[in-house]
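Assemble the whole structure, with the sequences as input and the hints as a guide.
Chain order of the listed sequences is X and Y.
Residue numbers for the first sequence, in the working numbering: 1054 to 1519.
Residue numbers for the second sequence, in the working numbering: 42 to 306.
If you are wondering where the hints come from, they were derived from the structure by calculation, not from laboratory data.
For each residue, glycine too, the CB sits at the ideal point set by N, CA and C.
Keep in mind that the hints are not guaranteed to be accurate.
Said to hold, decoys possible - To give a feel for the contact side, a few chain Y residues facing chain X, derived at Cβ under 10 Å:
{"hint": "1", "residue": "S159"}
{"hint": "2", "residue": "I195"}
{"hint": "3", "residue": "K235"}
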Amino acid sequence: MRQFAATTALLLFSACAHAAEPPASPDPDLATIPQAVLSAPTPTRSAAPVASSDSRIFLESALTSWSMQNNILVPAPGVQPTLQERLSLDILQSEIVTPMLRFSFSDRLNAFAQDGVALSSSESLRNDLREAFASIEMPSQTFIEVGRIVLRNGTALGYNPTDFFRPRTEVNLASIDPSASRENRLGVLMVQGQKLFDSAAVTVAFAPEVQHASPLVTVAPALFDPRFGQTNSSTRFLGSVDFKVAGLNPQILVCQDEIGTHFGADLSYVVSNSVVGYAEWSGCDSGTLSRRAISFGQLTGKLPTEIPLIPQSSIGTQFQNDVAVGASWTSSYRLTLNLELHYHQSGFTQTDFDRWINLGRSNRLAAQELWFIREYAMDQQEPLIQRQVFVRVDWQDAFVQYLNLGLVSFVNPFDGSSLTQLSAQYTISKRWTLGMYVGHIFGGPKTEKGSVPWSTNAVFQIVRYL
Amino acid sequence: MKMNTKLVCAALACAICCRGFASSPSDLTAQEIIARSDEVRNPKKPFQVTLQLTEYIDGSARNETALTVYSKLGVAEEKFRNLVRYADPPRDRGKSVLMDGTLMWFYDPSSKASVRISPEQRLVGQASQGDVITVNLARDYTAHFLGSTEGETIQDADRVTRSCWHLELTPRTTEAVYAKAEYWVERNSFHPIKGKFYSDSGRVLKIAYYHRYEKQLGADRPGETIIVDAVNAKLVTTIDSHGYREVDIPDSWYQRGYLPRLKID
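Shown next as structure tokens:
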């Protein structure tokens, strides 16, 4: 009996001992967690999922300086400032009025101080009303929007041939502040409808003509001028469908405007774990860049009605193609490289550009007219030259946490000239960001990029989010 | 003797039962364990969750990000389809990311542009944490026991001793982000306790601790995940998961055309 008791006790002890948790060996990985992390209280759960408004407001100060070159061959009209301070209040606001109705508002109020513009003058203030529209959600995933809307299409970064509502929406032509240009675009007054299906979306948009075409911006507009003469100077229709097929996610577009009927398509594909390829095309029967620019100049009374000098050899109307093909590659070091090739058939060939230089050199009185063509291309946000290479590098957390470095370069493959910009942005805190942008022109006075009045610019930017 | 034998058998049965109650069935395969563990992290029905990320540099809180994630299990591929929207900080507010297999788009409300991104590029931003939280390990990895199928004991982030299965995960699909992972799953509860994720070269990239379990959508789910960046030893990120809500998410949301419309409501 004693033997039985002992055996039972031994077995039970053994079983229980096996069932109990043996002490865990020390985990060296635990030592990598700072005590501050473990002792931190549960974070303030401020970002509650229920919200009736969504806003982003910031103040931005951008101090820009330009260094000019004195050997340009075709003198540029106007006076380029050498120093400018811009202070902007930027608002992006969305209010959910009812589950089916939402209002969106996007605006920037700018105050400028620069050479030749007194702080007290009307030119020192400018308001850019980018968007103001109502969005109504109908049953079965149908949306209707009315108001001023930024409607942007295309997958490329450097040039979007299918971005049919792009022309004349750029608001920083007076300044080439690169930190502001990308995000500061005027919307177009339109009615837009979109129907979402499980694997596709159909969009239609109608933008009416509300004002005759305004000339290229040479003087500052009135403070609260909505500039419909830029964004709504002709009636436009757009229809697009995008869908998912074989991983390509293509989009097909048709747009009707004062030039004619534009057709467009874009697609993108994940080539590998770190590479995405994309392509974008549009085509339309239209004149060359020079022809369109001169017609516009005559229409707006900025060019004489008699036939002026045309630097491009082709003057007829033909089907013109626009293409952007590119790829992005991302490394495990949080660095992303984009490389794109742009083809803009109605733009200048290198021979055309050489002619532009020669005409401008030999006939200085015609320089203003020749420059008008370049300014028109900028206003339309289209390349001047038929072929262009675009490179973009974005490196997040470069060398130190919260430091982002970037490089953007537009290269003319014919003459090797380029407009290159280096950027550095450092996030000081949740609300403060510092930025530095340095742009430089590489190329001689006979080259496309080297023939502009400035050679280097630098922007120092401070942003405070409210 | 006969009596003794009966008692010994009874004692043995008792011991076996005791042991049986003290742990989960040991006949589960490693793959089944990882699948049950996935269910702890991810509700099966479409849901919305808010992730509050805090980055610690050298032990000091340096940066906070709040994300709202809309997640839905894809029927065909058993993979979570995610829509992530930045709620905070102000500079990123409104940015959105679509992550649906290889269909990934990033939308920036400032430029109104949508950019297609690669799986690697997805990892650049904090939005990828939404994918980290909902990753379906059982789908992307093959699991094997490391050591005994009985498991081992480890300490969790709160220094509480846990009896865990120790699993090794190796990629079974091309969508698996890591070349290898070690994963510790608590016996009985199937709670993930710790994960260790490796690169192709065998280097440890991240160490994750799952803790502060709380009831969310009918089950205990980790309220906080601590991610130690093994490459940058100074960087530790905590992900506080809260505000789980069961929501109806139409399939039509998982396309680039919807990203500008993604609002918190």
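Evaluated hints:
For Y/S159, the shortest C-beta to C-beta distance to chain X is roughly 5 Å, which falls under 10 Å, so the interface hint holds. Interface restraint check: Y/I195 against chain X, minimum CB-CB distance 5 Å, threshold 10 Å, status holds. A distance limit of 10 Å between C-beta atoms decides the matter here; for Y/K235 the minimum to chain X is near 7 Å, and the interface restraint holds.
Hint check: no violations occur; every hint is consistent with the structure.
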